[in-house]
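**Student:** Sequences are here, hints too, so could you generate the full structure?
Protein sequence lines correspond, in order, to chains A and B.
When we follow this note's numbering, the leftmost residue of the first sequence carries the number 1, and every step to the right adds one.
When we follow this note's numbering, the leftmost residue of the second sequence carries the number 1, and every step to the right adds one.
Think of the hints as simulated: they come from the structure by calculation, not from any bench.
Hints are supplied without guarantee of correctness; some may be wrong.
[As the list claims (entries may be wrong)] Stretches of chain A that chain B covers, calculated by requiring three or more beta carbons in the stretch to come under 8 Å of a beta carbon on chain B:
#	stretch
1	7–19
2	40–53
3	62–68
No residue lacks a Cβ here, since even glycine has one placed at the ideal position from N, Cα and C.
As a plain string of letters, each chain reads:
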Amino acid sequence: MYIKQLSVFLENKPGTLEEALKILKESEVNIVALSLADTSEFGLLRIVVDKPEEAKQALRDKGYTSILNEVLMVHLKDQVGYLQKLIETVSGAGINVEYMYAAPTLSEGADLILKTSDLKGAEEAIRKVDGN
Amino acid sequence: MIWNEAKECMSRDELKSLQSKRLVKLVDRVYHNVEYYRKKMQAIGLEPSDIKGVEDIVKLPFTTYEDLNAAYPYGLCAAPLSQIVRVQASSGTTGKSKVATYTRRDIEIWSECVARALTMAGVTRDDIIQVGYGYGLFTGGLGAHYGAENLGAMVIPMSTGNTKKLITMMIDCQVTAIACTPSYLLHVAEALEEQGLVDQIKLKIAICGAEPWTDNMRKQIEERLHIKAYDIYGLTEIMGPGVACDCDHHKGLHIYEDHFLPEIIDPETLKPVGDGESGELVITTLTKEGMPLLRYRTRDLTSLETGTCECGRTMARIQRFKGRSDDMLVIRGVNVFPSQVEHALLSVAGTTPNYFITVDRVDNNDTFEVAIEVEERFFSDEIRALESLRDKVASAIHQAVGIKAKVKLVEPNTLEHSQGKTKHVNDKRKLV
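**Tutor:** See the structure below:
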């Protein structure tokens with residue numbers, strides 16, 4: 001399914017991540033999934049939260065640059081080879097994975113957050129995989 | 001040694017009479033040949049006949065780089081284009097370069113001035129000189145080259161960018177003199193020291209310019225390489241290197257007043273300052289044919305010392321530069337205006353994001369960093385897109401100013417703000 005992801009620009013220096021997280025806490029925003037990508041100069045915090053619009057506004061008020069965009073949230077079965085099969089289906093459709101990260105779920109297995117070169121195509125391809 | 005004793009040591013009275021004669025001819029020529037100047041003079045009701053000698057210089061209008069920009073590229077040419085044999089250029093404040101045009105005679109006079117400067121530094125026809133300035137639109141390379149050839153020295157046109165080859169040829173070809181920026185020479189000194197090669201060089205003299213430097217840098221160059229180092233000054237608009245150079249006594253840079261008429265003005269009131277007082281250096285090119293300039297405001301802050309020097313030369317001496325009356329930076333010998341960086345950012349980002357330029361000198365090399373605040377409109381959830389933005393900005397800046405900048409993406413509102421107006425530059429080098 002499609003889901004909104006919030007990406008936050010962070011400089012690579014002590015304290016910036018903590019400050020961003022504090023802003024989210026103070027706005028009572030709960031983080032469902034997260035990934036922190038880093039380069040030598042800057043970091044990119046990608047999160048899935050319960051209140052994306054409020055989170056974005058709170059960050060903007062404190063001077064943080066962030067954007068909301070759609071990504072895919074896919075269920076991962078707790079099973080050897082399931083992720084491989086899933087990605088094989090996506091790449092088999094000629095679609096490139098831009099980035100992905102996993103998040104825990106309350107039920108069995110995990111959730112996979114996926115950004116691809118063709119979101120719609122990937123969504124359709126994944127629907128054919130058993131369990132999704 | 002003095003290259004042209006008749007001129008460099010002429011009495012002040014003789015000089016004044018020569019300057020007056022040349023100024024009268026110059027004003028007449030630009031009035032009749034350069035529409036831009038004719039209009040400027042007509043606007044203030046000035047006729048060529050109003051200029052009878054150097055004392056009338058104050059009646060003439062100033063020329064600024066805004067004028068150069070407005071008249072780009074040939075609007076200030078006083079000779080037909082068929083007589084122009086060379087074009088050189090340096091950074092302008094906007095996307096356009098400051099273009100200078102030269103007739104054959106202009107090149108000859110330029111070569112004469114550089115020969116005077118090299119002779120002042122002790123270079124003779126027996127020397128082997130490496131020119132380590134960039135060859136191309138930048139005046140340093142070709143200017144020093146023609147001057148050294150005019151002197152009769154053996155010239156090795158190294159240009160910039162290959163220190164290893166420069167050192168190899170310095171040793172193998174028994175180079176005795178070098179012309180390059182002082183910071184680059186310190187970089188060469190370091191490389192020579194690291195490889196234990198200092199005692200293998202035959203270098204005696206360095207003629208350094210294109211960027212401001214300190215007495216301490218001179219001392220370092222002289223002590224580490226066991227040579228003598230001299231300061232050379234110039235600017236593309238006026239000619240290039242060789243407008244002025246310092247002699248053995250290091251009491252200021254002798255400006256060749258028979259070709260360049262210097263004045264010092266107060267940059268606020270635009271009135272001449274008193275003798276020996278500090279202000280902005282203004283130069284009138286007395287003999288230029290291609291692009292003669294009346295009272296060109298160099299934006300360099302200094303003072304002038306007259307009185308015969310211990311070396312015997314009567315030409316006035318430009319004292320240590322005290323900075324600029326504009327925001328131009330000299331980075332690795334290249335003139336950089338913050339507005340150029342702004343234009344480059346504009347071309348990539350659509351509108352100018354908040355930016356901050358930091359210049360420093362680390363291990364004798366100038367560092368040039370441009371930090372940009374990442375705004376929502378060009379932010380992305382993909383690292384690849386952000387890196388591509390950074391690279392595009394870096395390449396646009398490189399194209400605009402001619403040197404590479406390290407571009408850094410930063411969070412909004414992290415750059416310095418002062419009194420409501422954003423401060424865009426921090427020059428950490430201590431050169432003034």
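**Student:** Do three or more residues of the stretch 40–53 of chain A come closer than 8 Å to chain B, measuring C-beta to C-beta?
**Tutor:** holds (count 4)
**Student:** Quick one: see if chain B covers the stretch 62–68 of chain A, three-plus residues with Cβ-Cβ under 8 Å.
**Tutor:** Since 5 is at least three, the answer is holds.
**Student:** Taking a Cβ-to-Cβ distance below 8 Å as contact, does the stretch 7–19 of chain A have at least three residues touching chain B?
**Tutor:** holds (count 5)
Violated hints for the displayed structure: none, as all numbered hints are satisfied.
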